[in-house]
Amino acid sequence: MSLLAAKRLEKHYGNHVVLENLNFSVESGEFVTLVGASGCGKTTFLKMLLGTEATSRGRLTLDDHPIPNEPGPDRGVVFQKYSVFPHLTVLGNVMMADELRSSKLLGKSFGAARRRGIEKARERIEEVGLDQALDKYPHELSGGMQQRLAIAQALMMRPRILLLDEPFGALDPGIRQDMHVLINRLWQEQQLTIFMITHDLKEAFELGTRLWVFDKTRHDPQAPEAYGATITYDLPISRDRPSEALKETLQQGGLQTHTQETLL
Amino acid sequence: MKRLINSTPSRGGRWLLGLLPFVLLGMLYLSLSNARLAENPNDPLLPTPAKMAQSFHHLATAENARTGEILLWSDTLASLERIVIGVGISALIGLIVGILNGGLPLVRAKLSPLVTVASLIPPMALLPILFIAFGTGEAAKIALIVIGVTPFLIRDLQGHALRLPDEQLIKAQTLGASSWQVLLRVLLPQLTPRLLNATRLAMGTAWLFLIAAEAIAAQEGLGYRIFLVRRYLSMDVILPYVAWITLLAFLLDQLLAWVSRLAFPWYHASEGDNA
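Respectively, the protein sequence lines represent chains A and B. Under full-length UniProt numbering, the residues of the first sequence are numbered 1 to 264, in order. Under full-length UniProt numbering, the residues of the second sequence are numbered 1 to 275, in order.
No lab work stands behind these hints, which were simulated from the structure alone. Please read all numbers here as calculations on a predicted model, not as lab measurements. Certain hints may be false.
[Stated by the list, open to error] Partial selection, computed: residues in chain B whose CB lies under 7 Å from chain A: (1) Gly12; (2) Arg14; (3) Pro49; (4) Lys51; (5) Met52; (6) Phe56; (7) Pro165; (8) Gln168; (9) Thr174; (10) Leu175; (11) Gly176; (12) Pro189; (13) Gln190.
Glycine included, each C-beta is placed from N, C-alpha and C at the ideal position.
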């Protein structure tokens, strides 16, 4: 039984087909990186996993149950921005998950429960290296620190899958490298299952264990909306093999697609 | 020579420039007042500052022979009580309805058209109805303020709630939040500083309705007083009262701004401090 599986999954808006014929199964512990041209439906796919977009046809199952049609605690998420709550401090942001669980009515914990929550949150915050900034508000943090905070916040729930929508897209290259180290470490330590959308092919090869390229296989110039994108390449990435070699195999295979023209 | 758009006054210069219009207006008033009083020393329309100070001092210190009350303070207290209660009720309704409207599409579908229509009704046109329904006591005046201010607050907050990034609502749900918890922990704290901001903007309207209601039916109050002494052309009372009302409005505004900055530092840092 695989963690996440799709069978003939499709998504359309009216006559506009966005995604078609998605078939895959993902095991627990995989790190899937998603690449593809802008507007090819990667984010739509992530939204379907989140539950904010309904599936149009086919099956999409998490632990053999259809994905609920609204976001839930089993699927954590980090967006490119707006992922943290501006009105809460670093500590408050990370404690949120715990507080929501322990106090259904007020969503805020007090006394001993609060002290336990602080302890737990501190551990998570230390993991991402924000322990110097416990009482800072997000606006006082740099972009990289905000993303670290968003990751710590999402991991408090121990989600079945973690969805990352271009989480490092807005960061400087140096900071981005630090974030790669961080996410890689967290993925290994906590045996996470991660789906990450990225525009950076190098990032996709470096971090993932499996690379999905989203692209259209059929294209009708008269009706560009008639066919949707699908996963054109589903490549296992071995961590030992340098990604350069893999890129070459890709090209040797004579892969000439729209995506490659724009990305490679 | 720098372009005009690049020339900025120095710190001291800014103060002087800001003061200049006030000084000019004061001088204009004094010269007009002097000219009138030279013709007729008993002319009531443009009294001297000394006369105004004297009348104001009298109102602020002399006890009323019949009631033993000092007029200025009883007027101020009555008006402040009405405006604070009125605006307080409006803010509370505005916050609750604004959050529900902004957060729950099912509620918004029902209430939003009603609020839009209600906000178009001229509140002053409802004043007779309020007097008939509540009598000419405090309730009618407070109700007028509430009717005048609440729709604006609701629409403003609803708009802000809808402008909160979807990412935050989704994030809260992935952290296990129920609908109630999203309203309470995400919408409420983020809308409260915006409510304070909207309330500051609405205070001007609230004063308008307060003084209008007091002018029509009241036994005390700042608006009542200036409309009462109008019969005697007592500009020496009206002008200081207007200045006093302006000062009170300014202080209330600054109080709200101060509370907001103190309680919601994150809001002022991220939105740009427009106090």
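We went through each hint and held it up to the structure:
1. Gly12: With a minimum Cβ separation of about 33 Å from chain A (threshold 7 Å), the hint on Gly12(B) is violated.
2. Arg14: violated, 28 Å
3. Pro49: Because about 48 Å separates Pro49(B) from the closest Cβ in chain A, which is outside the 7 Å limit, the hint is violated.
4. Lys51: With a closest approach of 53 Å, the Lys51(B) hint is violated.
5. Met52: violated, 47 Å
6. Phe56: Hint violated; Phe56(B) Cβ to chain A Cβ min 45 Å, cut 7 Å.
7. Pro165: holds, 4 Å
8. Gln168: holds, 6 Å
9. Thr174: holds, 5 Å
10. Leu175: holds, 4 Å
11. Gly176: For Gly176(B), the interface hint holds, since the closest Cβ of chain A sits about 4 Å away, which is under 7 Å.
12. Pro189: Hint on Pro189(B): holds, closest Cβ of chain A at ~5 Å, below 7 Å.
13. Gln190: This interface hint holds because 5 Å falls under the 7 Å limit.
Checked against the numbered hints above, the structure violates hints 1, 2, 3, 4, 5, 6; every other hint is satisfied.
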